[in-house]
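Chemist: Protein chains in written order, with the working numbering: chain R, 6 to 287; chain V, 16 to 325.
Since the hints were made in silico from the structure, they are not lab data.
Errors might be hidden in some of the hints.
Not everything, but these chain V residues come out facing chain R in the computed CB check (under 8 Å) [said to hold, decoys possible]:
#1 Val39
#2 Val41
#3 Ala297
#4 Met300
Footprint (simulated), chain V over chain R, 3 or more residues, beta carbon under 8 Å [said to hold, decoys possible]:
#5 131-137
#6 216-222
#7 253-261
All C-beta atoms, glycine included, are put in the ideal place defined by N, C-alpha and C.
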Amino acid sequence: MRRLFAVPPLVMLAMLVLAAVVGVCLFGDALSPHSPTAQNLRLRLRPPSWLGGPEGYLLGTDRIGRDIVARLVMATRISVAVALAGTLIGAVIGTAIGFVAAHLRGWAEEAIMMLVDVQASLPFILIALTLLAFFGNSITLFVVLMGLNGWENYARLARGVVLSAASQPYAKAVKALGASPLRLYLRHLLPNVAGVLIVQFTLNFPQTILLETGLSFLGLGIQPPLTSLGQLLGEGRDFLLNAWWIAVFPGIVIVLTTLSISLIGDWLRDVMDPTLRDGGRS
Amino acid sequence: MNLRFLGMKAFRTALTLWLVVTFVFVVLRTSGDPLVSLLPADSEPEVIAYYRTLWGLDRPLPVQYLRYMAAVFQGDFGISLRDTRPVIDLVTERVPATALLGLTALALALMVGVPLGILAAVRRNTLLDRLTMAFAVLGFAIPNFFLGILMILTFSLTLRWLPSSGTGTPWHLIMPACTLGLATAGALARFTRSSMLEVLRRPYMRTAQAKGVAPGGRILRHALPNAAIPVVTVLGFSLGGLIGGAIVTETVFAWPGVGRLLVSAVAARDLAVVQGLVLLIAATMVIANLVVDLLYGLLDPRIRVASVDA
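Chain V with its partners taken away, still in its complex shape (with noise of 0.2 Å):
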């Protein structure tokens, strides 16, 4: 892979990093006192002593900024306001459950988008072709916070199959990994199914067929690796839609993940908690952002060189 690309989108996440941090350092300050915003009420002095040293708060600005940024980047957020402890400990233990949630969603709209989408642009104008594009149109109007309600009214209190709030077994998995991918599923779909109609009018499609290629052979083999290189960067787009929809869907379904961590912080305005998880959050969706721009790269050697040339 070319050096100059590689580097480039390296440097871009490194300022679009630097952007994040900055933009919550501004907020911190213009906010209030960081160690009342940051500290418990009831800290000990040596705890307030300790933040006010290593935020560097009696010294001037920029020497804060620094102090700040090296404070951060080894992971050191202040203690949660709720319950006393450092805020990067409570937020690696929920990590796993929203990685879980997120990954199962991200799986099951690929599973249904893609396949969805190549049958829609291969069976095109027909009524599987029309009810995938209603599903993907409706996938992206309905919020999820309203899609996870009626799962619950239908699966939990009507049919009682499923149970409506909680963790532990795989049960409990299926309803929020629904509500959290049915959007991405939809967009899936979308892109395959345009990306898809645009591949199949090729003309080594045709070569393909006059070869005598089997149907299945020529989608599968023939346009799918094509079709799929737009689609790897609504993967990307998707991410963001993913980690936002993870906030809402946690709550709704009291996921104990970083997403519902983050609704109750904002709410408590346990100012510490938020930073952290706004930092990880964002770092998380950069570098996801990166290694999708590189796979895109990978895939599709027109990329790098054009967007070195750009």
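Chain R extracted, bound-state conformation (with noise of 0.2 Å):
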């Protein structure tokens, strides 16, 4: 358990960068004076202020002269609000599939884990493609393109933590003691997977962010008025040679969010399983 505290400084880095995005998306309206919305045409594609741009426009303006501080803080609001809602009913549909699956064995269990296989040989933006394209583009569809992007991974994960922890003693008891399947699952597997799905969660979540982020900047994801990421991404590439600093921030938000994400999740993972434990001291 002296591992769990020993965290690495690179780590460390992340959480510190993970905090500031979340800082962000709560107190972001404490960093600019300017309303992200709020137009000013005499002040066009102005640089960063401290490139010689207007006072009080900390990273320049964009074609409208909107600030591109508070652009920045409700696109990442955006970003991550739909990441954590897709990433979320990902893995509450996954892991109650896999749970379904376990449950059930069988045929169905067949059905279940063969349609995980497909899912997961098939990159999910065909599929997201796919659904746009026939179904049209909405705020509803896209959050849910988003959640059932990666719930095979939980699936699969699930139904074989469980069909291990089913053979367990406790649950054997559990079960004897007349306890519903429901509250089996849910009382007494849930809390002992819980630790492999919460680092499922931090990998797929940076997935789930630049899924939606590549999306919004080819402009098939999120639509204006409502901005993010990879929106105003998309938005800056018309800019790039007189107005680089639209495209390059939001850029510069992404790769920080998925780095310190990807980073958190990978030292979980390792905290969590010492069998991944990549042979340290050999």
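Got two chains here, separate frames each, mind docking them using the hints?
Modeler: Given below as structure tokens:
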């Protein structure tokens, strides 16, 4: 258990970055005096204030003179919220499906695991693009799509863990005491598999952010007047030549967020699973 | 090779393909009238009548389903909304560009990722090892649309070394291929490293050392073939990443491949093109996965035995 508290410096840094991202989401309004939608046509495409841009615009302005800092705060909030909602939906649905598969066994389990394999063998962006094309874009469909991304990982994990846990004496005892299957799964098995699922969550979350920002970048995800980090980047692409800051700062926020969560996730996985500890002393 | 292993893999592949076709069929039916979705609005009545019969839209749903499958497996995906040409023609003329980009990216990833992974494992815990791992993590965390934009900003707009978009010369290929290959290179480096570390501590490596095999020979002839087995699996996983990445990368660099066609078709809701591309890309992926699986079984006899038992 001592290892749990020996946090490597890089992971420490990642935690600080993640805390900063959360801070921006919660208290971001304090970072800029401007509204993310306030236009100032006399201050279009101006560089960051420390590069000779106008006072009060720390990271410059976009094509209609909106403050980049304020835009970034709004975009970060939406990107994080969409990814969080999506990852949660995926985790809940996937875990439930995994439990059902482990409970039913037989052909139902086979069918579920086959679906898991199919989804795992195709790039999810293909499925997402199909649904967006046929049903048209809406924020609801988009969040559901984010949730569909990655459910198969939870299903596979939950099923595996339940199958091995169900043969443990405590599960048999609970069953013998007459607990309903639902109670067995939710009260007794879920807490025991929570660790594995949380690690999966930290691995899945960055992927969901990348999917959301990628689709929004292509103009197929979050639509104006809403904005996301990917949508901002996509907007900035048209102004690379004379206003690089519009595209670069959202990109940096994406990288910092996904990188820090991945690092924390990798570390958590190593801490929780001794067999994965890459033979540090051999 | 074991016949049962082959048969099982082929069955899985066929099953996946069938599920994908069924998925597209269901989406097509639940989102509206297929004739409106898949044909241009100003289509000739004869064309509409032709497709009505071809897809059996006047028949019961199960018949429609079978007709649809038959049409799809013959390469008939409908007609593009935007330039009123058969989808299959539009797609096939875009395939070479994507194949060129994807294969170059894959070659690049192999040439960078595998040697880096080997070096990192051999020179474990040195600066080189740390840098390789940092590269691998970064390769995963940088979305390729951002990487592409950073490259355009640096090499096209600032240094003016490379063209920012389009195709034609080998120079045009450099940035898209690097953008697309980076994540795969990182994943390969990471897996090669851990796989090599696993192999390097095996007793037969010590035996080789005791026999007096030179370090280079030990690494390349004794360790690498065994370490390569898990790396092939990563290659299988990477195919999906490469195809997903190509969709974005081609758009960033205006590369005239199937990925860019798909994005523009989704944006314009050119549904015939979307369904054709999705089916063809999925089929390519599934078959590529089958090849990787078979390769894997060929490399490691234990796998094909184990998966038959499973």
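Chemist: When the structure is checked against the list of hints, which entries are broken? Sort them ascending.
Modeler: 2
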